[in-house]
Amino acid sequence: MANDHDEFRHESLEDRHSIAKYLTALAEAFANGNLTFRHDGQRISLEPAGLLKFDVKAARKRGAVKVSLRLHWQEEEEERDPSVGSLVIKTDERRK
Amino acid sequence: MPNLRPIQENFRFLILEVTKQLDSTLSVLESGAIELIEGVYLKDDYIDNLRGFIDDKCLSLIREAGQDERTVELARAVDTVTSNLERIADFAVNILGQYRYIKDTSLLQRFELQPCFAEVLSGMERIEDALFTSDVAGALKICRSEFTLDKLYAERFKRVMEELRLGGERTEDLVTTLFIARYLERMGDSLLNIGEAIISLALRERLKIHQYWALEETLDVGEGEGERLRLESIAETKSGCRIGKVRDLRSGGEGNLVLFKEGSLDKMIDERDGIAFWQERYPALVPKVLGWQEGEHHASLLLEYLRGKTLQEILLDGDTAEVNTALSALTSALREIWGSTRKDEHVNPGFVRQIAKRFDDVRVVHPDFGSDDGEIGGLSIPSFDELLTRAEAVEAAVGARFSTFIHGDFNVDNVIFDPQTGRLHFIDLHRSRRADYVQDVSVFMVSNFRLPVLAKAHRRRLSAVIQAFYGFARDFAREEGDATFEVRLTLGMIRSFTTSTRFVLDDRFARSMYLRARYLLERLLAHRPGVELGDWSAFELPANVLVS
Numbered sequence: 658m659a660n661d662h663d664e665f666r667h668e669s670l671e672d673r674h675s676i677a678k679y680l681t682a683l684a685e686a687f688a689n690g691n692l693t694f695r696h697d698g699q700r701i702s703l704e705p706a707g708l709l710k711f712d713v714k715a716a717r718k719r720g721a722v723k724v725s726l727r728l729h730w731q732e733e734e735e736e737r738d739p740s741v742g743s744l745v746i747k748t749d750e751r752r753k
Numbered sequence: 384m385p386n387l388r389p390i391q392e393n394f395r396f397l398i399l400e401v402t403k404q405l406d407s408t409l410s411v412l413e414s415g416a417i418e419l420i421e422g423v424y425l426k427d428d429y430i431d432n433l434r435g436f437i438d439d440k441c442l443s444l445i446r447e448a449g450q451d452e453r454t455v456e457l458a459r460a461v462d463t464v465t466s467n468l469e470r471i472a473d474f475a476v477n478i479l480g481q482y483r484y485i486k487d488t489s490l491l492q493r494f495e496l497q498p499c500f501a502e503v504l505s506g507m508e509r510i511e512d513a514l515f516t517s518d519v520a521g522a523l524k525i526c527r528s529e530f531t532l533d534k535l536y537a538e539r540f541k542r543v544m545e546e547l548r549l550g551g552e553r554t555e556d557l558v559t560t561l562f563i564a565r566y567l568e569r570m571g572d573s574l575l576n577i578g579e580a581i582i583s584l585a586l587r588e589r590l591k592i593h594q595y596w597a598l599e600e601t602l603d604v605g606e607g608e609g610e611r612l613r614l615e616s617i618a619e620t621k622s623g624c625r626i627g628k629v630r631d632l633r634s635g636g637e638g639n640l641v642l643f644k645e646g647s648l649d650k651m652i653d654e655r656d657g658i659a660f661w662q663e664r665y666p667a668l669v670p671k672v673l674g675w676q677e678g679e680h681h682a683s684l685l686l687e688y689l690r691g692k693t694l695q696e697i698l699l700d701g702d703t704a705e706v707n708t709a710l711s712a713l714t715s716a717l718r719e720i721w722g723s724t725r726k727d728e729h730v731n732p733g734f735v736r737q738i739a740k741r742f743d744d745v746r747v748v749h750p751d752f753g754s755d756d757g758e759i760g761g762l763s764i765p766s767f768d769e770l771l772t773r774a775e776a777v778e779a780a781v782g783a784r785f786s787t788f789i790h791g792d793f794n795v796d797n798v799i800f801d802p803q804t805g806r807l808h809f810i811d812l813h814r815s816r817r818a819d820y821v822q823d824v825s826v827f828m829v830s831n832f833r834l835p836v837l838a839k840a841h842r843r844r845l846s847a848v849i850q851a852f853y854g855f856a857r858d859f860a861r862e863e864g865d866a867t868f869e870v871r872l873t874l875g876m877i878r879s880f881t882t883s884t885r886f887v888l889d890d891r892f893a894r895s896m897y898l899r900a901r902y903l904l905e906r907l908l909a910h911r912p913g914v915e916l917g918d919w920s921a922f923e924l925p926a927n928v929l930v931s
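Quick mapping for you: the protein sequence lines, in order, are chains U and L. The first sequence runs 658 to 753 under the working numbering. The second sequence runs 384 to 931 under the working numbering.
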């Protein structure tokens, strides 16, 4: 289970060949449903489930090129905070 | 010019009062005039007040001075001198405090403290004039008092020790006498501070007395004549040396410029030896040594002033034609030097070890560099430290097969070119020796890259210079059959990119160099040597890192 606020960041220089191993690692992790990041003794484990919002952006501005991939999803609230139980709605079956 | 008269008036009183305190103290010591003691204590408060007045006036002078730097400098000097004068007065009070413990005053008289007082007073006499006329010769005499006082103290110390060793009942009096003499010696320290403040004011540079003397002695001028040597600029180098540009205005000096370099003894010896290393074979390439002076811990060199601009200045401010001429001169000189000093022998620059030696300094500035291992899904990312360890094995396998003369600290600002005469010079030669020329190639390339200029036109030019220099060095390597040039250059670039970050506080810029080093390391380690194990001839420096 993730903490309330976790963050992982990795920055490196790559070329079009060396970037492949990062993208492959990410693709495999999504396929397995388990995405783990580790840095500086901290581990973030994510389990993508449900609907993922996927946002791809490419831009070129005076020679500076940017391609961004963004994935958003919401974890089940119960997973983050077990004190939030699911609601039970009862309706009265008898009618007068 | 602001009105200095009120300060000068208070200052004159201060000198007068401190002088009187010293006179009274001496009278008590010499003739037992104990009735004077109370007066000295009372006067001490007055001296404190005077100092307060002068402080306030200096502060408002600084406030009013605005852009008038000279007035600010004078006010600062007055402040330093004033606080040291007050300290001298305090020492006089301390002496009288000790005097009360003396049982046999004739013993004190035997130690003749009068010459010590006379020396302090003679220094004091010169202060006002020297300060308000920024007189170097006067300031030097004030500094000299400290050395005379040290000598006088040492003599008395020795005598006290001798008498203590003989034993007897005078132990307490002897120890008290020593305390008194010690206060006089400390007055000398204050006089030295005063003299140095005046020298710094006169030369407009913060100079310690030993630095000033080094300047005088290397220039071989008489005491105080330094005034006719005008210090045009002074700069501190990264290695802690000071370099001054001095104009010699003495008769015979013809207003020529000379370079004065002062630093720790070992560094200066390296510099002198570095110059000598080149002198024999390439006398015109390096500055002539005009003087050398060494002390216990420091030394100084007087060097011929080389006309021209540093290559850095040319690259940043020159036009394209000028840059091309300078670069052609540089590469022709290097081709000649490398070619004709080539000697077949195995040398290994040990770039990885060079990084290890400096990495603590890097981490002081950039604490997160080095331990950056991680994991992304099933991919594990090794730390920079780990990559370095692995690169050591590569380095061991790819030493150079020949050595040449190298500069050793081949930064773009250590080359001077005179466009008028077409002459090229090397400076800062403390690391010159026989070694792998790739060391100079990589240092030169990264020293261009790391110049803190952001304008696109500048960056483009720097990239072009780096690429052109790389092309030149690669051609030379091919001609010489140097099969591991590229891999050694890559290691050298890793070294220079990494260690340069310790001088770069701009986090983004430092990171861009660090990430380049890391990228090169990964590419190097991903390379599979050819069929024959250890064949690195197919490896090429990933040239994309050269562009910023």
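Because the hints were derived from the structure by calculation, they are not lab data. Just so we're clear, the structure is a prediction, and the values are computed from it rather than from any experiment. Where hints are given, some of them may not hold.
Unchecked claim - Quick list of in silico lysine-lysine cross-link-like pairs, DSS-like style, CA-CA up to 25 Å:
1) L/K541 - L/K486
2) L/K440 - L/K486
3) L/K839 - U/K723
4) L/K440 - U/K718
5) L/K650 - L/K541
6) L/K426 - L/K403
Numbers of the earlier hints that this structure fails to satisfy, in rising order: 2, 4 and 5
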